[in-house]
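Q: With the hints as extra help, turn the sequences into a complete structure.
2 protein chains.
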Amino acid sequence: MMMIITYDVNTETAAGRKRLRKVAKQCQNYGQRVQNSVFECIIDPALFKILRNELIQIMDAEKDSIRFYNLGNKWKNRIEHVGTKHTMNLEDSLIV
Amino acid sequence: MMMIITYDVNTETAAGRKRLRKVAKQCQNYGQRVQNSVFECIIDPALFKILRNELIQIMDAEKDSIRFYNLGNKWKNRIEHVGTKHTMNLEDSLIV
Numbered sequence: 001m002m003m004i005i006t007y008d009v010n011t012e013t014a015a016g017r018k019r020l021r022k023v024a025k026q027c028q029n030y031g032q033r034v035q036n037s038v039f040e041c042i043i044d045p046a047l048f049k050i051l052r053n054e055l056i057q058i059m060d061a062e063k064d065s066i067r068f069y070n071l072g073n074k075w076k077n078r079i080e081h082v083g084t085k086h087t088m089n090l091e092d093s094l095i096v
Numbered sequence: 001m002m003m004i005i006t007y008d009v010n011t012e013t014a015a016g017r018k019r020l021r022k023v024a025k026q027c028q029n030y031g032q033r034v035q036n037s038v039f040e041c042i043i044d045p046a047l048f049k050i051l052r053n054e055l056i057q058i059m060d061a062e063k064d065s066i067r068f069y070n071l072g073n074k075w076k077n078r079i080e081h082v083g084t085k086h087t088m089n090l091e092d093s094l095i096v
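If you're matching them up, the sequences are chains A and B in order. At position 44 of the first sequence the residue is numbered 44 (the UniProt record's numbering), and the sequence of numbers has no breaks. At position 55 of the second sequence the residue is numbered 55 (the UniProt record's numbering), and the sequence of numbers has no breaks.
Simulated from the structure, these hints should not be mistaken for laboratory data. Please read all numbers here as calculations on a predicted model, not as lab measurements. Some hints here could point you the wrong way.
Because identical chains cannot be distinguished in the list, a pair is counted as satisfied if it fits within a single copy or across any two copies.
[What the hints assert, rightly or not] Pairs of lysine-lysine, DSSO-like flavour, derived with a Cα cap of 27 Å:
(1) K85 / K25
(2) K25 / K63
(3) K63 / K76
(4) K85 / K18
(5) K22 / K74
(6) K74 / K85
(7) K49 / K63
(8) K49 / K76
(9) K49 / K25
(10) K18 / K49
A: Right, dumping it as structure tokens:
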């Protein structure tokens, strides 16, 4: 199945910037970064459960927000992209 | 249907920051902002076509990226959110 993961991590503190890098790195293990805070992961339910728990461990639920969107198995015609596809550097500071 | 709209707008220039505000405002007319650069829009196909064209007019396809994810009509159990739900101020500078 295709899972879309989007996140807003509060980067006002050094701890927040660290969480942001860890969230991005974790998602990178399972999928492809398509925008600063958006990942597309082709993943099976069992692996997704692991990823989801890992992300919940990393984040600060009081300050950060993660959203999971399940596009299912027939996802190819559910996704459209318009514009540039920059290559992402995980270390980049994520200012949109 | 539920459309998820995510975007990265290059804000290195004043023109970019203006595009960013316009993209957010346009999406706000049709849906709800759930993260800095993520909107959820319950919208019919005809209206979505209008919104899509408006966004494409606003953006700079060389510098910006917009992604559309169609969750269809049975979307309620396709979305999960973990963490904080800050209220969004469109004028806020969109630093994640």
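Q: Indicate, hint by hint, whether the structure satisfies it.
A: Do the hints match the structure? See the list:
For a Cα distance limit of 27 Å, the shortest separation of K85 from K25 qualifies both inside one copy, at 19 Å, and across copies, at 23 Å. For the homomeric pair K25 and K63, the shortest alpha-carbon distances inside one copy (19 Å) and between copies (24 Å) are both at most 27 Å. Only between protomers do K63 and K76 lie at most 27 Å apart by alpha-carbon distance; the minimum there is 24 Å, versus 33 Å within a single protomer. For a Cα distance limit of 27 Å, the shortest separation of K85 from K18 qualifies both inside one copy, at 25 Å, and across copies, at 21 Å.
Taking the shortest Cα distances, K22 and K74 never come within 27 Å of each other, neither inside one copy (30 Å) nor across copies (32 Å). When the C-alpha separation of K74 and K85 is checked against a cutoff of 27 Å, the pair qualifies only within one copy, where the shortest distance is 23 Å, while the shortest distance between copies is 30 Å. With identical chains, the CA atoms of K49 and K63 are at most 27 Å apart within one copy only, with a shortest distance of 22 Å there and 35 Å across copies. For a Cα distance limit of 27 Å, the shortest separation of K49 from K76 qualifies both inside one copy, at 22 Å, and across copies, at 19 Å.
Taking CA atoms no more than 27 Å apart as the test, K49 paired with K25 passes inside one copy only; the shortest distance there is 17 Å, against 35 Å between copies. In this assembly of identical chains, K18 and K49 lie within 27 Å of each other by CA distance solely inside one copy; the values are 23 Å within and 39 Å between copies.
Checked against the numbered hints listed earlier, the structure breaks hint 5 alone; every other hint is satisfied.
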